[in-house]
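Please put together the full structure from these sequences, using the hints given.
Note that the protein sequences, when read in sequence, are chains B and H. FYI, in the working numbering the residues of the first sequence are 1 to 485. FYI, in the working numbering the residues of the second sequence are 1 to 95.
Some hints could be false.
As the list claims (entries may be wrong) - Pairs of lysine-lysine residues, derived as DSSO-like cross-links and limited to a Cα-Cα distance of at most 27 Å, are as follows:
| hint | chain 1 | residue 1 | chain 2 | residue 2 |
| --- | --- | --- | --- | --- |
| 1 | H | LYS53 | B | LYS232 |
| 2 | H | LYS83 | H | LYS73 |
| 3 | H | LYS47 | B | LYS383 |
As the list claims (entries may be wrong) - Derived Cβ-Cβ restraints for the label pairs, each shown as a range:
| hint | chain 1 | residue 1 | chain 2 | residue 2 | range |
| --- | --- | --- | --- | --- | --- |
| 4 | H | ILE49 | B | ASP3 | 38 to 44 Å |
| 5 | B | LYS110 | H | ASP21 | 50 to 56 Å |
| 6 | B | GLU410 | H | ILE66 | 53 to 59 Å |
| 7 | H | ARG63 | B | SER472 | 27 to 33 Å |
| 8 | B | LYS445 | H | ILE66 | 58 to 64 Å |
| 9 | H | ASN84 | B | ASN5 | 49 to 55 Å |
As the list claims (entries may be wrong) - Footprint (simulated), chain H over chain B, 3 or more residues, beta carbon under 8 Å:
| hint | stretch |
| --- | --- |
| 10 | 302-315 |
| 11 | 320-330 |
| 12 | 366-379 |
Calculated from the structure, these hints are not laboratory results. Just so you know, even glycine gets a beta-carbon here, dropped at the ideal spot from N, CA and C.
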Amino acid sequence: MVDLNNISLTEIVKLVKLKKVSSLELTNHYIKNIEKGKKLNCFITTCFDETIKNSKTFDAKKNYDTLLPGIPIAVKDLFCTKDVKTTAGSKILENFVPTYESTVTSNLWKEGAVLLGKLNCDEFAMGSSNETSFFGKVINPIEKNLVPGGSSGGSSSALAASFTPATIGTDTGGSIRQPASFTGTVGLKPTYGLCSRWGIVAFASSLDQAGPMTKNVEDCALMLEAISSYDKKDSTSINKKKENYSKNLNKNIKGMKIGIPKEYRVDNMPKEIEQLWSKGIDILKKSGVKIIDISLPHTKYALPTYYIVAPAEASSNLARYDGVKFGYRSNKGKNLIEMYENTRGEGFGDEVKRRVLIGTYVLSSGYYDAYYLKAQKVRKLIKKDFDNSFKKVDAILTPSTPSSAFKIGEKTSDPISMYLNDIFTVPVNLAGLPAISLPAGQDSKGRPLGLQLISNSLDEQRMLNIAFAIESEIKFKQNLNRWWE
Amino acid sequence: MPIDKNQVKKVAKLSRISLEDNKIDSLSRDLDSILTFVEKLNELDTKEIKTLKSIADKTLEARNDIVDDGKIKNDILKNSPEKNEDFFIVPKVIE
Chain B
1 MVDLNNISLT EIVKLVKLKK VSSLELTNHY IKNIEKGKKL NCFITTCFDE TIKNSKTFDA
61 KKNYDTLLPG IPIAVKDLFC TKDVKTTAGS KILENFVPTY ESTVTSNLWK EGAVLLGKLN
121 CDEFAMGSSN ETSFFGKVIN PIEKNLVPGG SSGGSSSALA ASFTPATIGT DTGGSIRQPA
181 SFTGTVGLKP TYGLCSRWGI VAFASSLDQA GPMTKNVEDC ALMLEAISSY DKKDSTSINK
241 KKENYSKNLN KNIKGMKIGI PKEYRVDNMP KEIEQLWSKG IDILKKSGVK IIDISLPHTK
301 YALPTYYIVA PAEASSNLAR YDGVKFGYRS NKGKNLIEMY ENTRGEGFGD EVKRRVLIGT
361 YVLSSGYYDA YYLKAQKVRK LIKKDFDNSF KKVDAILTPS TPSSAFKIGE KTSDPISMYL
421 NDIFTVPVNL AGLPAISLPA GQDSKGRPLG LQLISNSLDE QRMLNIAFAI ESEIKFKQNL
481 NRWWE
Chain H
1 MPIDKNQVKK VAKLSRISLE DNKIDSLSRD LDSILTFVEK LNELDTKEIK TLKSIADKTL
61 EARNDIVDDG KIKNDILKNS PEKNEDFFIV PKVIE
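And the structure:
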């Protein structure tokens, strides 16, 4: 039998279709891996009885002609799953059991996948290290004292440790791409509106997007194909024909133009990241791509803009957690108002409180124009920078993060130093663009480093093709000794 | 200094979040440093810039005013912390 930990999702799909492996065998394999890997704290909830039942049902079917035939998959605990607890990593949703299914996950099940469980994440996706979860921090399988990135840290860690052959996360400011970069995996944030937001616990609605996290680019194309769809239930969903990203994937990128933005050469960037970037540029040149120096002049304003817009939207979205219709309720308080205050005071963690307070402040009377309106104007300038660039280039190449994975506890005492981690990923969310992070090397300590490609809206196919071409030249390999078992 | 302790307490009130007294100091410091950080935007002159209205590159659709779900009363009540027949129960509102 093949080593399922060392083959891609695409190869696993092939094996299932050839009846070389059954859905139940796959499920048993991943359950075993998950049970031996509890140390990494990737899962908030598992639903193995259901997974086994669904796998058996699948194996009894005659038609295997779907994208993800009988494939067990774990998803970030931000996607509502019918009858399976959905917590968003928060105490306030500790016992919340949705009575409906998110569009993105129901697309997975329609393609034949079965749910393994729900993956840990930063509380309400607010964090860059998966240290803000009420259910405890997640460990990076690369090294036991490293964070897996965040907010989709349970997803990145579970994927790298082969607890699931692929997964989905959400990305509001880098929450798919940064953890992918920290764990040597591939993560894609789609164009705003390509994947439905219906049934995803909302953080910042104008920035949130669901996207795939996989072991290679081919798997990423397959997963994106599976989860993207037009959805009437999300008014910002884009009404377009479904693409065959995996079928149309190719390495022919000759003649394309790739932009290198000078503003991403930030102060104090480690040499290894610079070298990685140069390596990416060299590979592209050798593939017949024209490299063009570009400028995105408002890049340095992206993080400040994000830390106004995202908390503002979060403060409105999180107003629904009041202890009345669902979620945690405090039993302290003499009246309704005190019940609200105590419920939210006890139910939210520190980072969520910080962001709700900042959001409320920047939207409050007397401050709205100076902060929120100002940020929305700068957001327009940031978007314009990209629009201008895409008149000249097909895609943009940057590093994914300004450093490799950092140590647990290293940045928790200073929110700003944590925020700075997302310096290369946040502009993309503000502009609604797609971007992908792919593993491209390791630093001297053996920690993975990622390169990011950004493309124009709805240009995912071309972006995947460029990533595919880079990947095949870089030949990134990661051999984890499964120290956690 | 964009924000002080009293303003933090006021914003907490507006946000309906109770704060423990021993956390107000450190929270005020954090919020102050975040607001100082975002004030970098003041370097930019944006007088002539129109505000971004939506990041979705489309006109938001209005659906026909037809009920297409409903009859999910039990689903809606299912996760409530306290209910009585068809009602959500909350602490007393009127004295």
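The hints, checked one at a time:
1. The straight-line distance between the Cα atoms of LYS53/H and LYS232/B is roughly 21 Å, inside the 27 Å bound, and the hint therefore holds.
2. For the suggested pair LYS83/H and LYS73/H, the alpha carbons sit about 12 Å apart, so the restraint of at most 27 Å is met.
3. For the proposed pair LYS47/H and LYS383/B, the alpha carbon gap of about 17 Å is at most 27 Å, so the pair holds.
4. Between ILE49/H and ASP3/B the beta carbons are some 56 Å apart, a value that contradicts the proposed interval 38 to 44 Å.
5. Distance hint for LYS110/B and ASP21/H: a CB-CB separation of about 52 Å, consistent with the stated range 50 to 56 Å.
6. Distance hint for GLU410/B and ILE66/H: a CB-CB separation of about 54 Å, consistent with the stated range 53 to 59 Å.
7. Taking the beta carbon of each, ARG63/H and SER472/B are about 45 Å apart, not inside 27 to 33 Å as hinted.
8. Separation of LYS445/B from ILE66/H is about 60 Å and conforms to the stated range, judged on CB atoms against 58 to 64 Å.
9. Distance hint check: the CB atoms of ASN84/H and ASN5/B are about 52 Å apart, consistent with the given range 49 to 55 Å.
10. Given as covered by chain H, the stretch 302-315 of chain B passes the check, having 6 residues with a CB less than 8 Å from a CB of that chain where 3 are the minimum.
11. With 8 residues having a Cβ less than 8 Å from any Cβ of chain H, the stretch 320-330 of chain B passes the three-residue criterion, so the hint holds.
12. With 8 residues having a Cβ less than 8 Å from any Cβ of chain H, the stretch 366-379 of chain B passes the three-residue criterion, so the hint holds.
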